[in-house]
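*Asks:* Each protein sequence line maps, in turn, to chains A and B. Using the working numbering, you'd call the opening residue of the first sequence number 1 and step up by one each time. Using the working numbering, you'd call the opening residue of the second sequence number 1 and step up by one each time.
Note that these hints are calculated values from the structure, not bench results. Wrong hints could be hidden among the right ones.
Note: identical chains are not told apart, hence a pair may lie in one copy or across any two.
No more than 25 Å apart at the CA atoms, straight line, and that leaves these computed lysine to any residue pairs for SDA-like [claimed, not checked]:
hint : residue 1 : residue 2
1    : Lys62     : Pro105
2    : Lys13     : Leu142
3    : Lys62     : Leu50
4    : Lys62     : Gly132
5    : Lys62     : His108
6    : Lys62     : Ala165
7    : Lys62     : Thr26
8    : Lys13     : Ala165
9    : Lys62     : Pro131
10   : Lys62     : Phe7
11   : Lys13     : Ser102
This structure is a prediction, so every number in the text was calculated from the model and none was measured.
Number of protein chains: 2
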Amino acid sequence: MITREQFVAAQQKARDYLSRVGIVITPAESANIEVADFGLNELDSTGLELVVYLNTERVCSKELILFPRQTCPEHRHPPVAGEPGKEETFRCRWGEVYLYVSGEPALHPRARAPHGREHTYTVWHEVVLRPGEQFTLQPNSLHWFQAGDEGAVVSEFSTRSWDEADIFTDPHIRRTPEVVE
Amino acid sequence: MITREQFVAAQQKARDYLSRVGIVITPAESANIEVADFGLNELDSTGLELVVYLNTERVCSKELILFPRQTCPEHRHPPVAGEPGKEETFRCRWGEVYLYVSGEPALHPRARAPHGREHTYTVWHEVVLRPGEQFTLQPNSLHWFQAGDEGAVVSEFSTRSWDEADIFTDPHIRRTPEVVE
Numbered sequence: 001m002i003t004r005e006q007f008v009a010a011q012q013k014a015r016d017y018l019s020r021v022g023i024v025i026t027p028a029e030s031a032n033i034e035v036a037d038f039g040l041n042e043l044d045s046t047g048l049e050l051v052v053y054l055n056t057e058r059v060c061s062k063e064l065i066l067f068p069r070q071t072c073p074e075h076r077h078p079p080v081a082g083e084p085g086k087e088e089t090f091r092c093r094w095g096e097v098y099l100y101v102s103g104e105p106a107l108h109p110r111a112r113a114p115h116g117r118e119h120t121y122t123v124w125h126e127v128v129l130r131p132g133e134q135f136t137l138q139p140n141s142l143h144w145f146q147a148g149d150e151g152a153v154v155s156e157f158s159t160r161s162w163d164e165a166d167i168f169t170d171p172h173i174r175r176t177p178e179v180v181e
Numbered sequence: 001m002i003t004r005e006q007f008v009a010a011q012q013k014a015r016d017y018l019s020r021v022g023i024v025i026t027p028a029e030s031a032n033i034e035v036a037d038f039g040l041n042e043l044d045s046t047g048l049e050l051v052v053y054l055n056t057e058r059v060c061s062k063e064l065i066l067f068p069r070q071t072c073p074e075h076r077h078p079p080v081a082g083e084p085g086k087e088e089t090f091r092c093r094w095g096e097v098y099l100y101v102s103g104e105p106a107l108h109p110r111a112r113a114p115h116g117r118e119h120t121y122t123v124w125h126e127v128v129l130r131p132g133e134q135f136t137l138q139p140n141s142l143h144w145f146q147a148g149d150e151g152a153v154v155s156e157f158s159t160r161s162w163d164e165a166d167i168f169t170d171p172h173i174r175r176t177p178e179v180v181e
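Just chain A, same shape as in the assembly (with noise of 0.2 Å):
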């Protein structure tokens, strides 16, 4: 959980991130601006802001925005209802992002995981990308992305989102944010 100020400075700094890079959102879309803490408190180690464009039976689009060092924890996105799990592909648009997925470890991986949260991150096959570079994650395929130095925004195009779904490596994590008032 979060608190409220906490909550409102974060939606702030999302906004900031997004005019800089010059991509314009509503203002029901800036009032909704989604932040993540995964309910583990640590949001500037842990944590994701995010601005869903849509989210239909077939398709779903948004723009994430990481803070310098913030962490998207490792996570999994099962099979729901018939479809094989959702498929994601990210977009980086400004800054730069580490991507780690199943696959040959890093020798010396770009990003470090949050302290004392080591063992929940499982994969660390790396994949930087720069403004322009994108991924495709399988369905179902182990993930997690953390921003570097400068914090990065990231476009993300996949089939439906159920985030409620997720099966996150932390037993600890809650995907849905509870902000206290």
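Assemble the complex: chain A is given as a structure, and chain B must be docked to it using the hints.
*Replies:* Showing chain B alone in chain A's frame:
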């Protein structure tokens, strides 16, 4: 068909639009910008420039670049391979775009049908998209769009594209570009 010279000039103009908007593409994407003249040889009035980011079995994402008053002619995406037809969302990133779908026709439409081809434009319900605004088309529904006086950059998020299956109202249209050497 268009000449090599027209093709190269349109690609360069599309690159200029993207860099003005701050959208970064890779060298490979830049080299492969698609220039669609729809076989009519009047690219300034009927045409479209495209960067295809991905087109998998399930998800497709593109940037569309329209020069001032350039028109993507009326068409629909029929069912293909047992799927109900492409579902697509247009999100305006820059400029202004006038999208036409079936429904109550606009009394004073902002777009003009390309000269001599007015009879091939049959749906006139107007949706104006400015930066940050978007519209989702139902599969197999007729639509066409035209940029405003400044041109436009539009993101398209959709299910898989089968461009060669598109059905255009104008029987003279050929979707697959031909460049004359």
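*Asks:* If any of the earlier hints don't hold here, list their numbers in rising order.
*Replies:* 1, 2, 5, 8 and 11
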